[in-house]
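Participant: Given chain Y's structure and the hints, the job is docking chains U and C onto it.
Residue numbers (the working numbering), protein chains in the order written: chain Y, 104 to 361; chain U, 104 to 361; chain C, 104 to 361.
Honestly, I wouldn't trust all of these hints.
[Said to hold, decoys possible] Rough simulated footprint, nothing fancy, chain C against chain Y, three-plus residues with beta-carbon under 8 angstroms:
(1) 245–255
(2) 274–282
(3) 331–343
Just so you know, the hints here were simulated from the structure itself, not pulled from any lab data. Backbone N, C-alpha and C define an ideal beta-carbon position, used for all residues, glycine too.
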Amino acid sequence: MENSHTSPTAQAIHPTALVSPKARLGNNVKIGAFSIIYDNVIIGDDTTIDSHCEIGYPTPLTQGEPLRIGASSLIRSHSIFYEGSSFGEKLTTGHRVTVREKTKAGKNFQIGTLCDIQGDCVIGDYVRFHSNVHIGQHSSIGNFVWIFPYVVLTNDPHPPSHVQMGVTVEDYVAIATMSILLPGVTVKKGALVGAHSSVSRDVDEDTVVAGSPANFICATSKLKLKDGSGSPAYPWRKHFHRGYPEAVVTAWLEEFPR
Amino acid sequence: MENSHTSPTAQAIHPTALVSPKARLGNNVKIGAFSIIYDNVIIGDDTTIDSHCEIGYPTPLTQGEPLRIGASSLIRSHSIFYEGSSFGEKLTTGHRVTVREKTKAGKNFQIGTLCDIQGDCVIGDYVRFHSNVHIGQHSSIGNFVWIFPYVVLTNDPHPPSHVQMGVTVEDYVAIATMSILLPGVTVKKGALVGAHSSVSRDVDEDTVVAGSPANFICATSKLKLKDGSGSPAYPWRKHFHRGYPEAVVTAWLEEFPR
Amino acid sequence: MENSHTSPTAQAIHPTALVSPKARLGNNVKIGAFSIIYDNVIIGDDTTIDSHCEIGYPTPLTQGEPLRIGASSLIRSHSIFYEGSSFGEKLTTGHRVTVREKTKAGKNFQIGTLCDIQGDCVIGDYVRFHSNVHIGQHSSIGNFVWIFPYVVLTNDPHPPSHVQMGVTVEDYVAIATMSILLPGVTVKKGALVGAHSSVSRDVDEDTVVAGSPANFICATSKLKLKDGSGSPAYPWRKHFHRGYPEAVVTAWLEEFPR
Numbered sequence: 104m105e106n107s108h109t110s111p112t113a114q115a116i117h118p119t120a121l122v123s124p125k126a127r128l129g130n131n132v133k134i135g136a137f138s139i140i141y142d143n144v145i146i147g148d149d150t151t152i153d154s155h156c157e158i159g160y161p162t163p164l165t166q167g168e169p170l171r172i173g174a175s176s177l178i179r180s181h182s183i184f185y186e187g188s189s190f191g192e193k194l195t196t197g198h199r200v201t202v203r204e205k206t207k208a209g210k211n212f213q214i215g216t217l218c219d220i221q222g223d224c225v226i227g228d229y230v231r232f233h234s235n236v237h238i239g240q241h242s243s244i245g246n247f248v249w250i251f252p253y254v255v256l257t258n259d260p261h262p263p264s265h266v267q268m269g270v271t272v273e274d275y276v277a278i279a280t281m282s283i284l285l286p287g288v289t290v291k292k293g294a295l296v297g298a299h300s301s302v303s304r305d306v307d308e309d310t311v312v313a314g315s316p317a318n319f320i321c322a323t324s325k326l327k328l329k330d331g332s333g334s335p336a337y338p339w340r341k342h343f344h345r346g347y348p349e350a351v352v353t354a355w356l357e358e359f360p361r
Numbered sequence: 104m105e106n107s108h109t110s111p112t113a114q115a116i117h118p119t120a121l122v123s124p125k126a127r128l129g130n131n132v133k134i135g136a137f138s139i140i141y142d143n144v145i146i147g148d149d150t151t152i153d154s155h156c157e158i159g160y161p162t163p164l165t166q167g168e169p170l171r172i173g174a175s176s177l178i179r180s181h182s183i184f185y186e187g188s189s190f191g192e193k194l195t196t197g198h199r200v201t202v203r204e205k206t207k208a209g210k211n212f213q214i215g216t217l218c219d220i221q222g223d224c225v226i227g228d229y230v231r232f233h234s235n236v237h238i239g240q241h242s243s244i245g246n247f248v249w250i251f252p253y254v255v256l257t258n259d260p261h262p263p264s265h266v267q268m269g270v271t272v273e274d275y276v277a278i279a280t281m282s283i284l285l286p287g288v289t290v291k292k293g294a295l296v297g298a299h300s301s302v303s304r305d306v307d308e309d310t311v312v313a314g315s316p317a318n319f320i321c322a323t324s325k326l327k328l329k330d331g332s333g334s335p336a337y338p339w340r341k342h343f344h345r346g347y348p349e350a351v352v353t354a355w356l357e358e359f360p361r
Numbered sequence: 104m105e106n107s108h109t110s111p112t113a114q115a116i117h118p119t120a121l122v123s124p125k126a127r128l129g130n131n132v133k134i135g136a137f138s139i140i141y142d143n144v145i146i147g148d149d150t151t152i153d154s155h156c157e158i159g160y161p162t163p164l165t166q167g168e169p170l171r172i173g174a175s176s177l178i179r180s181h182s183i184f185y186e187g188s189s190f191g192e193k194l195t196t197g198h199r200v201t202v203r204e205k206t207k208a209g210k211n212f213q214i215g216t217l218c219d220i221q222g223d224c225v226i227g228d229y230v231r232f233h234s235n236v237h238i239g240q241h242s243s244i245g246n247f248v249w250i251f252p253y254v255v256l257t258n259d260p261h262p263p264s265h266v267q268m269g270v271t272v273e274d275y276v277a278i279a280t281m282s283i284l285l286p287g288v289t290v291k292k293g294a295l296v297g298a299h300s301s302v303s304r305d306v307d308e309d310t311v312v313a314g315s316p317a318n319f320i321c322a323t324s325k326l327k328l329k330d331g332s333g334s335p336a337y338p339w340r341k342h343f344h345r346g347y348p349e350a351v352v353t354a355w356l357e358e359f360p361r
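Chain Y extracted, bound-state conformation (with noise of 0.2 angstroms):
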């Protein structure tokens, strides 16, 4: 072997990284190897940057806000921050995420690998999207909300145009696999969108739809789970804890007292 190194995750800052001296980053921050770390950034106490990462990639669209990525965050390899963001604390992304200007979301965001955010949106606490999803700028996203791969938030009716209507998705809804969401449309509490459907209108509270055009299926508590129980599948938070913090686990199981 000619050429060898330890670890790049051996190091707080990689001999490799490109750090600018304006970036404010807190105590024991880790930056991989090739990742540049630009002016207008904040990253909190204990956070992980991976390699081949852009955190802070300028814009003008800002007016100065900065970067502010919260404490004991993980972002993984090759992903790209724009400035003018903000997320609280235990952000955790997969690889290859690009997020863009002017979005604020809440703590323990999940991010998978290849998600697009494209700015304007605002996403609460423990959000998580699995992979490549993408989010149409003026997005408004509740708390506890799961997207799956493929989903698309948009915003322009009648595109191209310069109307932007937004799309609302509210606390504890599931948006499964490569659906739609169209222009303007709110998907309420606790509902569930099926897998390839197109969603072009209002969704009722721990409702199900599904189809393109999505329309209404059943209420969510007569799916059960297929693992032989004949639990009701819905409130997901009835039986899937898996990352939540105790706290939050503790709450849900009162809510649901067995």
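Facilitator: Just chains U and C now, kept in the frame of chain Y:
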């Protein structure tokens, strides 16, 4: 901060960039950190290549044709362009764009983040692709075309086979999010393909189609802008002018006098 | 030109590559610029890793299993492979491929640009994924399978849950563009899933299904090649031989004598 650098954009060619001495770079070309410029490349004046790009990726399929990038272009980070394609002036890309060999595009082409252009395509002037558009080989795209996220242009009528029937998209067409154009179809001038559609037959001029398979919905002139004006949403060039040069907009205003 | 370098492919291991001394590299392995080879990696002879890759990305989920890349493979730039997966000889990838842990694939696997393989999958020999295919965890894929762009294989019947019902795709199946296979379905030998379909039930051998939900259309033998020959388009191995080794093609010709 142990490791401080000025922004890579502060220097014409970043010290970490790998630029072949055979590449032909115009005046005032900027190359970002960790980018590779291969041998068979011609880049016009005043063009910026961001970080982590590969420009002129070699392929045996080009018979020595170089990659030509027009003047005043901006290629954003993590993009890969093969040798053997050519682009007019003012090409602008998002991040992580992939463009293969033997594609010829006109001026002012905008390619969104994560787009994948497969090669052997012809693309006109002022074409705009939003994020994550996939253009199959042998596609032919006119001028002033808009293609929205997760649209796929296909080419093989019975995959896998050696039969390649490229798609044709004429001037001023808009193809909305997550639609697919099946092999050999032609979408005629000014038509609109609705979101989440699968287009299996030719689409007439200035008509709207939608569905899977896509059917005729109405003339585009029937769609009204949802901005309270009640004005027609199409032809979009009557009201949407952002980013087009003054001469183009003036011609459109003369075509549609108020 | 201030900063000139020869092509990174001109050198076995580019000086900018970061290669762990623990990685086990075969003879004549090439590593491109700005790539990282982590500790727990075994790469076969005559394999080329392009630039900007990460090979053997560490994860606690693998119980120490290495990443094994077979001999004579080509991993194109910006790709990320986790430790704990294994690939037979002659793996070929496009760009920006992501493959997670605990996937086991056979020989001559082709993975297109932007594909995302989620881990815990079993994949046979001579499988070909076009661009932007998403393979969910616990998928099982046979030999000589073709999967086209924007296809997603899912696994969770009522997301989010702990129930994982992987998809099974048998030998010689072709799944056309932008289709989704719902959790637990089996697509049987030689079947064709039409473009833009949502497959919710098992698909019989040598049949065509299409639509959302996908329904039976016809036997694959009813589809004729659109090349003027009038020959049947399926089984595709009767007429499509590009890139398969001579022994494979000979066996197919004997299976279908003219």
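Participant: Enumerate the violated hints, using their earlier numbering and listing them in ascending order.
Facilitator: Structure breaks no hint.
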